[in-house]
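**Q** Hey, can you piece these two chains together into the complex? The hints should help.
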Amino acid sequence: MLSFRPHTNTIPEVFGPRRGLISFVRSESNDCIKLETPGLLVSTSRGVVPHLSRDNLRRTNVIRWINVPFESFLERQPPLPTTLPLQPLLGFDPSRHIIALSLRDPNDLRPIPPNGDGHVSAMCIRGVQRVSPSSYKTYVRDSKPDVVFALTDTCLSAPPHSQKRMTKSIDRSCDWLRNLLSSSTGAERSRNIFVNLAGGGSAGARRAFAARLVEPLEPKDLVDLHPLQSLDEGISGYSSDLASLRASVLLSSHDELSGLIKDSLGSLSNAKARIATGSRSPHECLRLIRDVGFDLFDAQWAVNAAHWGVALDFRFPVPSRLRDRESLDIGHNLYSEGYAEDFRSFIHPTEDVISLEESRCRCSACSPSFESDILNHSPSLDLSASHDTTAQPFTRAYLHHLLQTHEMSAHALLMMHNLTVADDFFAGVRSVLEAGPGNFNDEIALFEKVYDESMMVMATAKEAWGTVDKERGKGRLAREQQKAAKNDQQPVVQTESTPQ
Amino acid sequence: MKFEILASCPTTRARVARMTLNHGPTLLPTFMPVATQAALKGLTPQQTEALGVTLILNNTYHLNLRPGIKILDQAGGAHKFQGWRRNLLTDSGGFQLVSLSQFTQITEEGALFSSPYDGKPTMLTPEESIAIQHSIGADIIMQLDDVVSSLTTGPRVEEAMWRSIRWLDRCIKYHESKGRQDTQELFAIVQGGLDPKLREICVREMINRKENVGGYAVGGLSGGEAKDVFWKMISICAEKLPVDRPRYAMGIGFAEGTKLLDLLVCVALGIDMADCVFPTRTARFGVALTFRGPLNLRLKHHTTSLDTIEEDCPCPTCSSGTSRAILHHLVTVETAGAHALTQHNVVFQARLMGGAREAIFAGTFPAYLRSFFANYFGETGYPKWCVDALRSVGVDLLEGIPPAEVKVVDGQGMKWEYSES
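Those protein sequence lines, which keep their order, are chains P and V.
Residues 847 to 1346 (the working numbering) are what the first sequence spells out, left to right.
Residues 29 to 449 (the working numbering) are what the second sequence spells out, left to right.
What you were told as hints is all true, and nothing was included just to trick you.
Among the chain P residues that face chain V by a calculated CB cut under 10 Å, a handful are: (1) Arg905; (2) Glu1217; (3) Leu1259; (4) Gly1321.
Only pairs whose alpha carbons sit at most 16 Å apart, straight line, appear in this in silico EDC-like list of lysine to aspartate or glutamate: (5) P:Lys1332 <-> V:Asp146; (6) V:Lys108 <-> P:Glu1187; (7) P:Lys1108 <-> P:Glu859; (8) V:Lys98 <-> P:Glu1187; (9) V:Lys328 <-> P:Glu921; (10) V:Lys108 <-> P:Asp1188.
In case anyone wonders, no lab produced these hints; they're calculated from the structure.
Ideal Cβ placement from N, Cα and C applies to all residues, glycine included.
Chain V on its own, in the form it takes in the complex (with noise of 0.2 Å):
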């Protein structure tokens, strides 16, 4: 792998990097479109390179079952399984084998679960995490780590990290025992719960493998904590991960609706990458994102409108001209109508990471959060998480907005567009 830094915001922690993995460039910030079942929501690989993406993951747990290994080796990987010729993600299995899986337990050999092919008791060790990944073959593999719950309090939490650590040891030994170092870029995933000592005790510990990992996750968040607990966790593993790594949220945002926000405050703390469900999926339920907001394309007020979606957006559905009530027609009902979504949802969110890549490279990233936010939130207001996190890399979001104009709100500042009734 090939990590170079091309630029680095002179005010917040966000750099632009260029990653050159095993199937070719990827410029950070990004985000990672997830295809799980090895498809892209209703799109093929083709379509997909269309839009602009480099780099999408796919789900260890989801395509072990199906097709599973045997049929991913006699393919040859994932990559020409899909079809798919750009960089590829997986995650370790683990994430869902706790949130999917009935029963999970976990050993120090690995994570004890009831088969979904038998309900027999199945082992899923770091090592067999790893083969398992090396039959899909994608570019960045993830290091099985002992997931708690972001809620979970106690010496449990501990215990995980410690765990999460030793098991890194593993896997980087098993990794490197089928010498796939030079064409798989083995990912740390940093633990620690809520517990800012605990990140950094975990950080450290990491930073000690880092001869042997390509990159670091951030894990263990998102799953219901507060916002401004999760800032504040992703920030301190930002501040002390080594610079000459590239640095992955895992599974930011899994809450609907806040993804946008999250991954934009992310990218300010030193973020590199992020994956995430909502654009694919909320596009299937009729849902478009936009700079200005979300338009919920089923409402009744859609039905007539003739704009697109959005007016300067290169994606096949706006610049084909699609409109507002053509989609209002289709959505929900005809597939056509989830992949005309699809593909502007995830174009929108290649766009705002553009956006964001150009404005770093430029000097100008302050000024395109201030303006990003303004155009998101400025009717309903600026959620308060972002106003402090980016004030805590040196942004201050209400800047030349006259004090008697200022909103800022609580809460995790979802956004959504509601009926009028």
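So here's chain P without its partners, still in its complex pose (with noise of 0.2 Å):
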């Protein structure tokens, strides 16, 4: 069972800054998952964190709340999980895990037909695949998750749109909610279900969505439902996700965003975990916490960062040594040239000291150890195995290589690394807030000073990473070659796009 505790110490009206901890106990084995909160979750491709092997998830200790979006495995009939369970699928540990299902991607964006009233267009490897409620319900007690996240109607059609399609999106969206809860259909209700705070970029709508959540239930459904008394009732806490939420309406300022947010908040509990998909940066994180109060992000630009070969290099609060300092990168793109000769690990403060709030990053790239227990292959000639595990940390130098010659570990470290620097921003959060929020207000101002919002080192990996994926292969160095004395001869080409 998922429960959520704001502490009481920070727990604000409604809005504002809160630290908080979500518990999981799993009844077959009495494991309690805890998660301090704001904190971190991760979400899956195609069911694997991206770039970790499972001996990798496991070492990367900073995972505790994992997103699985169900759509990849509409591919075949019966869907995998339906099988097998999540867990023993796609090894989790259940004693450290908590597996949240979606149906689809909150962060895939793509053009997709719309939805219907019966059913959800989801998208996998073999196109578009239709999931009505039901299914839904049944893949997900066959599936096994430990939380849900309920079906929405979200558009992802260009904007604006029209009332009557928001109001059809709100019904449906409170349709397939309650079809969620139901048990008369037979299956047992699922519990700890997440809803997605519908309405799009319509404040009207929002609010419209939040009150039908709270409303007493009709006597039918009273029945269906029970012992419910209203819909919110029977959710754990809501989510909302950022990416469709941008994409449906132009926002000018984090104001407008956080804006709509209130008001589906504003007449909801303010007892219920909050999740956050689809954050455009920590900058971003920073305010939904302090004018909002959002417990979970998914930090997917931890994830791009490692895709794109970004080692992330930030801290909350902004340590003393960076205090006067202005737009800062958030991180190390390692395609740069610059890193070829730089041993240093990803994080390492110039000065030679490294102060007491800044200590070595606990990541298996900056802070490896070798295994203890190793495989041996031929038990009777044993090799008196080592068993010490100190390793060096990985450097900028050896990533730079990786990335150049397109090595996958490359990503795998940068993944363990940037998890951990995310899970320790939010540790930073929560201590900062712990101090008190006059305080919390003033990092903010700081951070976004010191850092650069725009990200700007993001955009440039970005494109060093398809530059490589490009060139490589045999007679990569000749090619890269002719383009250097190409660009030798016309200096000025810079508009030049790039055909992806």
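**A** Written out as structure tokens, the structure is:
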């Protein structure tokens, strides 16, 4: 059973920064998984945390809450997780990982046919599949996630959306939630349900949806959903899908974004957990914590950074040695030639002495260790294995080399590192919140000044990643040579767009 | 280097040895996974070591291009650069020069090739090759040899053989002049094409230099020659090479799918080490190796299988219960799918060799060979060249099989899982 408990000394009226604790008790084993909030959740792609093999997943102990979009499994019928539940299928650790299931990947904004009254369109490798609320309920029952995101009718078509469309979207989302909560269809009622706050970019629609959640149930539903008195009573928390929200309306400021979310949450309980997916930067996370009060973030920016060769290097609160700096990059684009001879680990303060507030990064790339238990393939000739597990931190120079040579281990190492940096970031948020909310606002302002929010470093790295991906293979050096020669002749060609 | 023979097979020429190099011991016979660019595809050194691997290979040609000698020197060698604390072997860089470079001309001075950087003619001399390998700092380094395709015939083969011997002398001289004999073992490479006489001359000449080399490699094979000729060349060299030096079959099995056999047959013929990219490369294409033959996990009939790749396999993939179905879902799409199969395949080859070591130690190696071949080829038929090669060292693979059930097939012995449709 999942529970969320906001720390009583920090809980604001409705909106504002808050600390809390999500605990999940597994009834079969009495395992209790605890997650301090604000905190980090990690999303999967095709059921795996990107770039992490099972042993590296185990090494990355900041991963506690794992979101699994179901849609990639729709390419086969019956979908694989209905024959073997998610936990054993995907090799997650029941004593450490909370598995949350959603139908769609909230960060996938590719155009897709609109949903219907009786189905949601989902994307898999074989194209678009329609999923009815009742099949979703079966998938949930059989794949046994710990947490479920209810189906939502999100409009992914180009805005603006008509009032009629918005009304339909709210009706459907409520119907689908009701279906998931109902026990009349024979299936046991799903527990630990999160609901995406529907209504898109329309303040009125968002308020209307929230009102529908808390209004008393119709008499016929009272039977179906017994003992619930409202839909809201059956759910554990709310999620806000920032990527699709941004796509549905032109937002000119952060205040508009948080304003829309507040329209939804205004009439809802402040004692339920709030999840935000699709945040664009740590800066945005900070402001959402400050202005709204979110508890979990998917930190997709940390994952993207690992895809594109960026080793994150930032802290919250800003360390004292950086407090008078401005517009620093939040990480290192390790594709850059500047790192070719840089033998420091990813995070390395310039001072010789690392102060107490900046102990060495604990990730498996910055603080690796060898296994004491290694496979022995001829036991009668035992090699008397070394039990010394100390290993040297991976260097920027080595990662630069791996990225330039298109070696996959670069992304595995960056993934372990970036998730750890993101987790430390939220730990920093919690520690500042503990000291007091006034402090928090000042620290956010400082963070916004010190670290570049436009994150140019990510864009540059993404471009370099694309170049290596295109150039690699036999004859690469010759191709690069030709290109360099061409650029020398026409040094002003800057507007050339990359064909992608 | 310490090279101790722990046991010898009373029937075949196989032996178990402990080779102690600058970065610890490695049990032989062994197979070396290839980390061309200073990384085993997708795995960290911590992961690689946990699989029970104690010796990997880096390619000199590639490391010389990227990151380059300057950076390797700054890092303090390839071990430190990649964070690997066990043994490492580098080739001379000559083979890739021939296979990857656009024009290469061999002169007495060295190999002349067009620089991949600027196309300018550049010379790789034996001294230069050793100097590069000194910067890399591998525990075993290879002499620069004059590589000709194994399909070449005529005087060029003999010329290459004699030149390889002269180049060995230059490599030894340079190596010793830098005082590296105690930390890096220089291996000689036996050449001579497919001509038994030339091979014998080459072996004899190189034995004369025994005090200056740490071990011997058999080179110039696996370029497309018939399997029958391949094993005979390996056999001639392995038989004549000194007992108290490790023997390395270089780059065996360039053709996909035959490596496992090459490896096992070579061990019976007296080979101690072999490298090959097969397990790691084939993993990225979705193929898992098992004692009953390879599984192509992209095929449709794996979509619903909840079995692991191999039941008693201790690799991280199988021991964590990864099903064939989820691997089918991941391979060739998610990098984590490639990691999972790479881990399994490296462990598979390590188990194959570990099992061979145990069997040689226990004196049951012929039975081990028979049972491996029965499992692997029982259904499809034994490749004739394997039967012949093993007969030459006293093992009859067909022993105990009723004559009516014996299936022997010509060809390389490829085994592949095909789609049923």
